[in-house]
Amino acid sequence: MSSTTTLTEGATTIGSEDHRDYVTMSIGSQMFGIPVLNVQDVLGSQQITRVPLAPPEVAGSLNLRGRIVTAIDVRLRLGMPKKEDGKPPMSVVVEYEGELYSLLVDSVGEVLSLNMKDYQRNPPTLNARLREFSDGIYRLNGALLVVLSVGSLLNFGGHKDVA
Amino acid sequence: MDDLLSEFLTETSENLAVLDVELVKLEQNPNDMELLGNIFRLVHTVKGTCGFLGLPRLESVAHAGENILGKLRDGELVASPEAITAVLECLDRIRSIMGDLEANGSEPEGDDSALIQRLNLIAEGGAAPVASAAPSAPKSQPKAETVATKSGKTPSIYDQIGGMGTIDAVVEVLFSRVMGDLRLKHFFEGVNMDRLQGRMREYLAMVCGGPNAFGKVDLKCPHAAAVGKGMDDSHFDAFAGHMQAALNALEVPAHLAAMIMAIVYASRDEIMGRAEAGSSPTNAAAHAAAEPSAVEAAAAPEAEPAPAPSKAAAAAVMAAAAPAKSEVSEAKDSAVANQSIRVNVELLENLMTMVSELVLTRNQVLQILRKQKDSEFAGPLQRLNHVTSELQEGVMKTRMQPIGNAWSKLPRLVRDLSHELKKKIELVMIGQDTELDRQVLEMIKDPLTHMVRNSADHGLEGPEDRRRAGKPETGKVTLNAYHEGGHIIIEISDDGRGLAIDRIKAKILQNGLASESELEQMSEQQIQQYVFKAGFSTAAKVTSVSGRGVGMDVVKTNIEKIGGTVEMRSTAGRGTTFIIKIPLTLAIVSALIVECAGERFAIPQISVVELVRATTNGELKVERIKDTPVLRLRNRLLPLVSLRKLLRLDTNEVKSEDDTFIVVTQVGTYSFGIMVDRVFDTEEIVVKPVAPILRDIEMFSGNTILGDGSVIMILDPNGIASHSGQTGVAENSGADTMATKSRGHSDEKVPLLLFRAGGGAPKAVPLALVARLEEIERKSIETSNGRWVVQYRGQLMPLIHMDPSQEMAAEGQRQPVLVFQDDEHSMGLMVDQIVDIVEARLNVELGAELPGRIGSAVVAGQATEIIDTGYYLRQAYADWFGSHDRDQTGKLHKRLLLVDDSAFFRNLLAPQLSAAGFEVTAVDSPDRALMLCEAGEEFDIIVSDIEMPGMSGFEFCEMVKRSGRWHNVPIVALSSHASPHNLEKGRSVGFDDYVAKYDRDGLVHTLNSTLSEMRGAA
Chain X
7 MSSTTTLTEG ATTIGSEDHR DYVTMSIGSQ MFGIPVLNVQ DVLGSQQITR VPLAPPEVAG
67 SLNLRGRIVT AIDVRLRLGM PKKEDGKPPM SVVVEYEGEL YSLLVDSVGE VLSLNMKDYQ
127 RNPPTLNARL REFSDGIYRL NGALLVVLSV GSLLNFGGHK DVA
Chain Z
35 MDDLLSEFLT ETSENLAVLD VELVKLEQNP NDMELLGNIF RLVHTVKGTC GFLGLPRLES
95 VAHAGENILG KLRDGELVAS PEAITAVLEC LDRIRSIMGD LEANGSEPEG DDSALIQRLN
155 LIAEGGAAPV ASAAPSAPKS QPKAETVATK SGKTPSIYDQ IGGMGTIDAV VEVLFSRVMG
215 DLRLKHFFEG VNMDRLQGRM REYLAMVCGG PNAFGKVDLK CPHAAAVGKG MDDSHFDAFA
275 GHMQAALNAL EVPAHLAAMI MAIVYASRDE IMGRAEAGSS PTNAAAHAAA EPSAVEAAAA
335 PEAEPAPAPS KAAAAAVMAA AAPAKSEVSE AKDSAVANQS IRVNVELLEN LMTMVSELVL
395 TRNQVLQILR KQKDSEFAGP LQRLNHVTSE LQEGVMKTRM QPIGNAWSKL PRLVRDLSHE
455 LKKKIELVMI GQDTELDRQV LEMIKDPLTH MVRNSADHGL EGPEDRRRAG KPETGKVTLN
515 AYHEGGHIII EISDDGRGLA IDRIKAKILQ NGLASESELE QMSEQQIQQY VFKAGFSTAA
575 KVTSVSGRGV GMDVVKTNIE KIGGTVEMRS TAGRGTTFII KIPLTLAIVS ALIVECAGER
635 FAIPQISVVE LVRATTNGEL KVERIKDTPV LRLRNRLLPL VSLRKLLRLD TNEVKSEDDT
695 FIVVTQVGTY SFGIMVDRVF DTEEIVVKPV APILRDIEMF SGNTILGDGS VIMILDPNGI
755 ASHSGQTGVA ENSGADTMAT KSRGHSDEKV PLLLFRAGGG APKAVPLALV ARLEEIERKS
815 IETSNGRWVV QYRGQLMPLI HMDPSQEMAA EGQRQPVLVF QDDEHSMGLM VDQIVDIVEA
875 RLNVELGAEL PGRIGSAVVA GQATEIIDTG YYLRQAYADW FGSHDRDQTG KLHKRLLLVD
935 DSAFFRNLLA PQLSAAGFEV TAVDSPDRAL MLCEAGEEFD IIVSDIEMPG MSGFEFCEMV
995 KRSGRWHNVP IVALSSHASP HNLEKGRSVG FDDYVAKYDR DGLVHTLNST LSEMRGAA
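In the order they appear, the protein sequences are chains X and Z. Convert by adding 6 to the 1-based position in the first sequence; the result is the number in my numbering. Convert by adding 34 to the 1-based position in the second sequence; the result is the number in my numbering.
In isolation and in its complexed conformation, chain X is listed as follows (with noise of 0.2 angstroms):
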């Protein structure tokens, strides 16, 4: 992960105005991010109940603290292969409409203050599945890092529809 030393020196000015900060994650080679404030927890691997007869973007079920959180598999939610490296993936905490959902992720990365001016809208050439749960893109040195928006991620409702 070259790449992400390289940002975090670039990220002097946390916390002013014109800068966000965002967990960022990968999955593959492709960064992403999630605005920190939307995070709860960061986890490393943890035992998941299956639910049979689930979507298959649902991994399970596991528990968080007495809590029972679902976990969904990103990777299957953008549309991306399995993962196959056999390395346990990592679970990013959110919230979405008083549910806490645990978002699987190959790896989660630091947290990064990002300039806004740095920030675009997402590109018409992004994939498509991406763009879906996409809020927007930041250039980065040599990188792109794709905002996830965690309320399309997790409005599995809309998405039936498309499917």
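Hints are not guaranteed to be accurate.
Said to hold, decoys possible - Subject to a maximum C-alpha distance of 35 angstroms in a straight line, what follows is the list of computed DSBU-like cross-link-like pairs (lysine-lysine): (1) Z:K458 with Z:K405; (2) X:K89 with Z:K679; (3) X:K88 with Z:K722; (4) Z:K458 with X:K88; (5) Z:K679 with X:K93; (6) Z:K405 with X:K93; (7) X:K89 with Z:K722; (8) Z:K407 with Z:K458; (9) X:K93 with Z:K456.
Said to hold, decoys possible - Label-pair restraints from in silico Cβ distances: (10) X:L43 with Z:G895: 51 to 61 angstroms; (11) X:R73 with Z:T483: 29 to 39 angstroms; (12) X:D24 with Z:P414: 41 to 51 angstroms; (13) Z:S624 with X:G50: 45 to 55 angstroms; (14) Z:A137 with X:A149: 52 to 62 angstroms; (15) X:D24 with Z:E629: 33 to 43 angstroms.
Everything labelled a hint here was simulated from the structure, so no lab data went into it. Every residue, glycine too, gets a C-beta built ideally from N, C-alpha and C.
Position chain Z against the provided structure of chain X, taking the given hints into account.
Positioned in the frame of chain X, the structure of chain Z alone reads:
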């Protein structure tokens, strides 16, 4: 909001709720003085508190209501419906003002004068005999008045409070309160109340600076007796408290009241008999008379003081009267109220959640302990375990409330309805004390109210119609609640017109919910279920009460949301019954943990009947009819559900399901087995709702966290049942209970075994009649005596071919056989092929032309012949129908009358019963049966169905038992609803016994034992 105010709101709304109920009761017994006193006290408390808090609008409304009640209590008014309505209206206004008060913290703007005027008018209406109503003050009053008018020079307290009239009233109220106070009452027992009150009046008049016409009054006299009985200062304080309350009650301006109280307190010693000569009442009076003029100057009081000074004064008085006041209210309900405190519901809820978590943690710890032998923690953990259990139980109890709480609004509702709709309605409530979880109670409150309203509005007819229908004018709505196995059952029934099928049909068509041809196919009950659909109201017109078409669907959804079910039974002309079944609590349930394909699941213990293990070569094994697995369990075929297939678990791993655990599960009366790989123990679990994404998976009712911290899904037996072919609420037939609805045309589904034999249409037989399915090696079939037999379980079992003309099929090695069995004999019916097991309604549409067929029905979309097992039984065994021979040889000749409206069951039972040695006469209705009775027929025993159109089995039984030649004939009820409740009802109307339908052995056994009992008795 200020604490005082919020407390006032809580208390007052409680009081109002009680008032609603009490007032309706009062209307029914207008002469119940105790009740009236109670009501008066309640309204009075409401008013008094309003006064304290400076809520003039509420106070004035309450006052007007109280006026009427006061008159009622004094017998000056009769508790007519108008008066009660007026008081109720007054309560409603109070309620609405309180609503605003709660929302905004202050009284809303508004004018109540119209209402108050109306109330006063009603009060006046009976107020004519007011003069004669004061016989307790025969002489003093008129005198006082005349004098009062004369002595108008200096406005003394006496004049300001309104002279003798007010004092008179104050004394009245005072003594009525005192006599209601257990602490004080006994002091005055045996004292002449009229005289005592007279003296009190005079005393008050005097100390208030009234005309001196009464001279010096010696209070010692009347009080001497009381003091002699040990009256002390605390009693005096209580007495003074009542006095203060009485002054408030009569709206004596607060500053005046304060002064009067001061005087009363000043004369305490004298009254208590410790009087010095110097501190005579006259002195006190003079003292007081001097004071008011000073206060007056400052306050410039009018009849009704301006709110500001009154508030200030009230505060002052409050301080003085507070101890007394609190004592008063304490006294009122000392025994009960002191035992309870009011706790915020949220606190309880939190407590419950915490306890739930504690239970989980305890389970976790216990699990760890189980793995470690000889831990020093064992002892303390054992205690922790017990304490936690007890704590859990205790907290659960705090949440339990009698269902009567949810019903408290209903009497009022029904009463209002009966006035509005001009119907006479009686509300009968049974089992108010039945307790259930507060949360559940809250959830069913509204549905219940709605259903009662529905019953009263749509269900019951007007008095005219009822009279014409030969029913009593007063319609009855009955609420009945009782516990049944971890559930609470609430029945709401009316004796009204029942559901009009035609109207429902028309409405279904109108709303396009089903086509006409679809309707044709539907049974009556199926059509009735449409009332649970959204937007469905059959009320011809929309009344203000109901008929808007929102309702039953909401009711159903709400009840299902908490894991309950609603069932409806309706008979045209006889009324409708709704049966609600809900779990006692939603919080903690006991669940069985099972494993399938490496995943664990919880099954609520409540629906688990038993656990069995099936093995390939053991006694119990899984068999397959086509692809449907079934289990023979105690001679019954139990449909099986594979959890692996149902949940699509690990389809690639092909594991034989022949060696499996089976969780026998019951939903309603439908039983089935769930096949799982392993069974763990049971565990207490806290049901948590699943995430919204997963909510549409109907196999799960929730999820939970187990003791080991892992998440587990909770299976929903209802969902599984409906997936395995059983749907909805009403279709509860059962292979296990062998129970099925009485009528062939009911929409209850019966499991049918479909097979082919002898060409033509597929054949079907109720699965419950089949003891076993066998495939017999063809070469083992022998011929004996011109019949086919096979050696089966050490006996010769005759085999009958469906089609006698047909030769034994040559091809194939094995012959499928349906085995029918009773105690002694088995017979096999050879068929060509067993096709399937289906759930279908038995709606025999065409009569039989061939022997051995009951008729034809549509099963699985195909015309199917329903076979008459009795016919083949008779073919197989001479003595299956050999009972007649026995009879002829002088053995017992038992004549049996079978009453059942369903041709199907008559045909089914009659041969079976004759096989068992009865001479059976079957009729299709109680009316026919009674005709036979009149015609002089004799029977030894009667078997009657319960649910029949027209006269029900209960009524039939009652009729037979009440009179006529048959009153000694034992009657056995036959029904699919063999619940303890029904059983009891059956016995109460005179049924000698009660047998579940289809339970043939049970029936024969019962018949024989009933008969022998009768003989024994004779």
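Structure-based check of all given hints:
no., hint, in the structure
1, Z:K458 with Z:K405, "68 angstroms, violated"
2, X:K89 with Z:K679, "27 angstroms, holds"
3, X:K88 with Z:K722, "30 angstroms, holds"
4, Z:K458 with X:K88, "70 angstroms, violated"
5, Z:K679 with X:K93, "30 angstroms, holds"
6, Z:K405 with X:K93, "30 angstroms, holds"
7, X:K89 with Z:K722, "31 angstroms, holds"
8, Z:K407 with Z:K458, "71 angstroms, violated"
9, X:K93 with Z:K456, "76 angstroms, violated"
10, X:L43 with Z:G895: 51 to 61 angstroms, "58 angstroms, holds"
11, X:R73 with Z:T483: 29 to 39 angstroms, "35 angstroms, holds"
12, X:D24 with Z:P414: 41 to 51 angstroms, "59 angstroms, violated"
13, Z:S624 with X:G50: 45 to 55 angstroms, "34 angstroms, violated"
14, Z:A137 with X:A149: 52 to 62 angstroms, "55 angstroms, holds"
15, X:D24 with Z:E629: 33 to 43 angstroms, "55 angstroms, violated"
When the structure is compared with the earlier hints, violations turn up for hints 1, 4, 8, 9, 12, 13, 15 and for no others.
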